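Asker: Sequence:
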Amino acid sequence: MVTADDRIGSTFGKYQLRRLLGRGGMGEVYEAYDTTKDRTVALKILRPELSCDERFRTRFQRESHAAAMLEDPHVIPIYDWGEIGGSLYIDMRLVRGRDLHELLRRGPLDPARAVGIIRQVASALDAAHARGLIHRDIKPQNILLTSADDFAYLIDFGIAQNLADTRLTIEGSAVGSVAYMAPERFEDRPTTAAVDVYSLAAVLYEMLTGEVPYRANGLEQVIAAHTSLPPPRPSMVNPRLPAAFDDVIARGMAKDPDDRFGTPGGLGRAAQRALDGTSSPGSDSGPFATTRQAPPRYRGPSAGDAAPFRPEGQPGPQGLSRPRPWLAPAAIVMGAVLLAGVGVIIGLLVQQNHVTSPTPGIVRSNSADKNSGAEVSTPGPTVSVWSNSAPPISSTPSSTNPTVAPMSLTGNWSGPVSGDQTGFDVVADIVDGAQLTGTVSYPGLNCAGTWKGHGSTANGIRLLTETITQGNCVTSEITLAPQNDGTLYFTSTYYAASKQRHITVYATLHR
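One rule links them: number in our numbering = place in the sequence shown (from 1) + 6.
Among the hints, erroneous ones may be present.
Listed next, the in silico SDA-like pairs over lysine to any residue satisfying Cα-Cα at most 25 angstroms (straight line) [to be verified]:
(1) K20 with P54
(2) K458 with V437
(3) K20 with D44
(4) K20 with R53
(5) K458 with T443
(6) K458 with T473
(7) K43 with G19
(8) K458 with L469
(9) K458 with Q476
(10) K458 with N478
(11) K458 with G492
(12) K43 with Q22
(13) K20 with R68
(14) K458 with S447
(15) K458 with P422
(16) K458 with A440
(17) K43 with T17
(18) K43 with D78
(19) K20 with S57
(20) K43 with R24
(21) K20 with E37
(22) K20 with L56
(23) K43 with V101
(24) K458 with T471
(25) K458 with G417
(26) K43 with S93
(27) K458 with T514
(28) K20 with R99
(29) K20 with A72
(30) K43 with G91
Read the hints as simulated data drawn from the structure, not as lab findings. None of these values were measured; they are calculated from a predicted model.
All chains should be built: construct the whole structure from the sequences, respecting the hints.
Answerer: Here it is in structure tokens:
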């Protein structure tokens, strides 16, 4: 059997293979010299057995052709594709630069710089959507920046899905980086171009604040946050930001796809208006825009967020003042195996002098800390996730996909918390009438307060305002998600100024 190392210095058809850039489950990527066209390219050679899979070959040809037709300057071009000696291959431009993930390790970006990058990525997505392709894996690792002028490339259409082609995709598959994934991806709802708008808004949030929208101790909690919590307000994390960015994020990350911006470009233009202070983000329209009022914004603590949810003097959550990206290779299963896509790969992310699982066509100019975060490799049968402090997650977490049951919440509820803080219980007495009200206490913290409902999501998750009337706890934004087993999934989120990040706790409540 020919190995990747054996191929270095050899020829593959018209290509001279100079060095290995990366390897993954689908094959290897080389820096190669095209002897016919007299140019250096990134060449991905797929495993020979994949060419024997007729279904794969068909999708490979269709998506290669569709991706090669993208002419936006912010998409790395595919030069050629085909089969040589029983192995499928993709020939693409080799671009040298660094990815946005690497840049964000230094902290949030200047708003003008962030908006400039997001508008370039939006242009690439608009071009892809016009060709019927959904990217489905928008994340900082897949945005390449040239070092000279922040020229942005959107890379890795490895899980791109043709909008009109459902027969060639695996039913129920979900691939991508969970920190940026739209809620419908976890709920077995149809995937539309709106998922890219959501992910793009999540990336914008991280560029403006230096942290992912929902940071939690495990995959289960992150998924619950995407499906249950209102979009966070970037101005709460970075007070120097214009408040108009809160509205851009609220609409871009709306739970209902129809409430989001009509196009990625619409989100980019709204971000520009927020930066310029010229108009409301609600003026954009597009194929999935709506006339509905923008979704309610996450309000956070109502007063004095200097004190965390846990009273001062008691130990708070462990971690860095600025959260590190937490996605890295460590396979888990979310109830069922999340099957990876098998589409065309347009970009490659490799560390200089270090071979990694590729996101193929790009060479990083700087090396990166392997342990500080990670890409989720496109090929493979699982989604790979890692958390600094989370215990192993059950293969069938009850809150992975909150299923709302039509039930009254009236009654006495209680349960222990988990997440960023532990060691105390939630005890609530709820009256579920025309407007949900209730009293709540946290006996382990000597805190108590009241709850008042102020809305609900499309799938019945209740949104509550909490007012603390006893103790030193900070007012939080509360969500309650009824489950089919009769339990109630509780989430509490607030911004701790002393920690410079959001704190989120969870509980499964019983009555």
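Asker: Against each hint, give a clear statement of whether it holds in the structure.
Answerer: Hint by hint, here is what the structure shows:
Simply put, K20 and P54 have alpha-carbon atoms about 18 angstroms apart, close enough for the 25 angstroms limit, and the pair holds. Distance check on the hinted pair: K458 and V437 sit about 10 angstroms apart at the alpha-carbon level, within 25 angstroms; holds. At most 25 angstroms may separate the alpha-carbon atoms for a hinted pair to count; K20 and D44 meet this at roughly 10 angstroms. For the hint pairing K20 with R53, the CA-to-CA distance comes to about 18 angstroms; that is within 25 angstroms, so the pair holds.
With a C-alpha separation of about 5 angstroms, the suggested pairing of K458 with T443 holds against the 25 angstroms cut-off. Simply put, K458 and T473 have alpha-carbon atoms about 8 angstroms apart, close enough for the 25 angstroms limit, and the pair holds. Of the supplied pair hints, the one linking K43 and G19 holds, its CA atoms being roughly 13 angstroms apart against a limit of 25 angstroms. Proposed proximity of K458 and L469 is supported: the alpha carbons are some 9 angstroms apart, at most 25 angstroms.
For the given pair, K458 sits about 16 angstroms from Q476 by alpha-carbon distance, which is consistent with the 25 angstroms threshold. Between K458 and N478 the CA atoms are separated by roughly 19 angstroms; this keeps the pair inside 25 angstroms, and the hint holds. About 21 angstroms separates the Cα atoms of K458 and G492, which keeps this hinted pair within 25 angstroms; it holds. At roughly 12 angstroms between alpha-carbon atoms, K43 and Q22 fall within 25 angstroms of each other, so this suggested pair holds.
Of the supplied pair hints, the one linking K20 and R68 holds, its CA atoms being roughly 23 angstroms apart against a limit of 25 angstroms. The straight-line distance between the Cα atoms of K458 and S447 is roughly 14 angstroms, inside the 25 angstroms bound, and the hint therefore holds. Restraint check for K458 and P422: the C-alpha separation of about 21 angstroms stays at or below 25 angstroms, so the hint holds. Straight-line distance between C-alpha atoms of K458 and A440 comes to about 11 angstroms, which keeps the hinted pair within the 25 angstroms bound.
For the proposed pair K43 and T17, the alpha carbon gap of about 15 angstroms is at most 25 angstroms, so the pair holds. Among the hinted pairs, K43 with D78 is consistent with the structure: their alpha-carbon atoms are about 22 angstroms apart, no more than 25 angstroms. A hinted pair counts as satisfied when its Cα atoms are at most 25 angstroms apart, and K20 with S57 qualifies at roughly 19 angstroms. At most 25 angstroms may separate the alpha-carbon atoms for a hinted pair to count; K43 and R24 meet this at roughly 16 angstroms.
The straight-line distance between the Cα atoms of K20 and E37 is roughly 13 angstroms, inside the 25 angstroms bound, and the hint therefore holds. With a C-alpha separation of about 21 angstroms, the suggested pairing of K20 with L56 holds against the 25 angstroms cut-off. A distance of roughly 17 angstroms separates the Cα atoms of K43 and V101; the hinted pair therefore holds under the 25 angstroms criterion. Proposed proximity of K458 and T471 is supported: the alpha carbons are some 5 angstroms apart, at most 25 angstroms.
Under the criterion of a C-alpha separation no larger than 25 angstroms, the hint pairing K458 with G417 is consistent with the structure, at around 15 angstroms. A threshold of 25 angstroms between alpha carbons decides the hint, and for K43 with S93 the separation of about 21 angstroms falls inside it, so the pair holds. The hinted pair formed by K458 and T514 meets the criterion: a straight-line CA distance of about 19 angstroms does not exceed 25 angstroms. With a CA separation close to 16 angstroms, the supplied pair K20 and R99 stays within the 25 angstroms bound.
Taken as a hint, the K20 and A72 pair is honoured in the structure, with Cα atoms around 24 angstroms apart against an allowance of 25 angstroms. For the hint linking K43 to G91, the alpha-carbon distance of about 20 angstroms falls within 25 angstroms, and the restraint holds.
Going down the numbered hints, you'll see the structure goes against none, and every one checks out.
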